[in-house]
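Please construct the entire structure, taking both the sequences and the accompanying hints into account.
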Amino acid sequence: MIENPEMIRDIPFFSELSTDELRKFMKISKLMNFKKGDIIFLEGDVYYGFYIVVKGAVRVYKSNPDGREITLHIIEPFNSFAEIPMFISDREEGNIYPANAQAIENSVLIFIPKEEFLRIINENSKICLKMLHGFAERLMSLNQQIENLTLKDVVTRLAEYLYNKYKNSGKNEINLNLSRSMLATYLGTISETISRALRKLQDEDLIEIQGKKIIIKKPEKLKQICG
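Mind the numbering: the sequence shown is residues 1 to 227 in full-length UniProt numbering, read in order.
Honestly, the hints are just simulated from the structure, not real lab data.
Incorrect hints may have been included.
Restricting the straight-line Cα-Cα distance to at most 20 angstroms, the calculated cross-link-like pairs of lysine to aspartate or glutamate (EDC-like) are [stated by the list, open to error]:
id, residue 1, residue 2
1, 218, 205
2, 62, 45
3, 218, 160
4, 217, 173
5, 114, 45
6, 221, 204
7, 223, 160
8, 223, 173
9, 55, 69
What follows is a list of derived Cβ distance ranges for each label pair [stated by the list, open to error]:
id, residue 1, residue 2, range
10, 167, 125, 14 to 24 angstroms
11, 70, 46, 22 to 32 angstroms
12, 120, 210, 41 to 51 angstroms
13, 19, 122, 16 to 26 angstroms
14, 129, 200, 39 to 49 angstroms
These numbers come from a predicted model, not from an experiment.
Built from N, CA and C at the ideal position, the CB exists for glycine as well.
Spelled out as structure tokens, the structure:
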């Protein structure tokens, strides 16, 4: 149970809830800590509920029998993941997690169990609308990812990824929470190609690489590359 309401009050998912409604969620929710590299769940695990990132970042990914991994989403603070199985419980897919999830930073998550959550949203349509908004944003993100992989070269994909990180954080200094290999799978390429693309952007004085940190020096020119 979450005891401090301030921990979840500013999360968009809960922003329109009254104090009484917030208390209901505090009673059913559980705060969980994961270290960098910890597996949160694996594809095929029994489905118990979904998560909201409070701090840190989570990678949602698929892997094939050969061990190759494809990163589907990077979930950052105040965003939820693993909600979809909750709404297809009449199918086999609704009883298992459809992908893997791993903390890529030391992370704090809120876990919300399926049955208790469904009971509460039956009484509150505003929460359903919040979830639909989240689903729509993630679908748009996936569509954009497919378009990028199909139509754009690696430098353009990387520029767009860095520009979006800059735009969302409002800061010129970006912490890369993905390893080069993970970033490569997310952008549909290999580590060596990502390294070359980073060097190209640095040689053009658009960014400065400082280990895991990247300084965005000319965001408007980076945006122009995105097209």
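Hinted pair residue 223 and residue 173, Cα distance within 20 angstroms: holds (16 angstroms)
Residue 55 paired with residue 69 [C-alpha distance capped at 20 angstroms]: At roughly 24 angstroms apart (the allowed maximum being 20 angstroms), residue 69 and residue 55 break the hint.
Restraint status (C-alpha distance of residue 114 to residue 45 at most 20 angstroms): Measuring from Cα to Cα gives roughly 14 angstroms; hence the hint holds.
Agreement of residue 62 and residue 45 with the hint, judged by alpha carbon distance not exceeding 20 angstroms: Satisfied, since the Cα-Cα distance of roughly 13 angstroms is no more than 20 angstroms.
C-beta pair residue 120, residue 210: status relative to the range 41 to 51 angstroms that was hinted: holds (45 angstroms)
20 angstroms Cα cutoff - pair residue 218, residue 205: holds (8 angstroms)
Whether the CB-CB distance between residue 129 and residue 200 falls inside 39 to 49 angstroms: holds (43 angstroms)
Range hint compliance [Cβ, residue 70 to residue 46, 22 to 32 angstroms]: holds (23 angstroms)
Agreement of residue 223 and residue 160 with the hint, judged by alpha carbon distance not exceeding 20 angstroms: holds (7 angstroms)
Hint consistency between residue 217 and residue 173 [alpha-carbon to alpha-carbon, up to 20 angstroms]: holds (9 angstroms)
C-beta pair residue 167, residue 125: status relative to the range 14 to 24 angstroms that was hinted: Violated - the Cβ-Cβ distance for residue 167 and residue 125, about 31 angstroms, lies outside 14 to 24 angstroms.
Hint consistency between residue 218 and residue 160 [alpha-carbon to alpha-carbon, up to 20 angstroms]: holds (13 angstroms)
Hint compliance for this structure: hints 9 and 10 are not met, and every other hint is.
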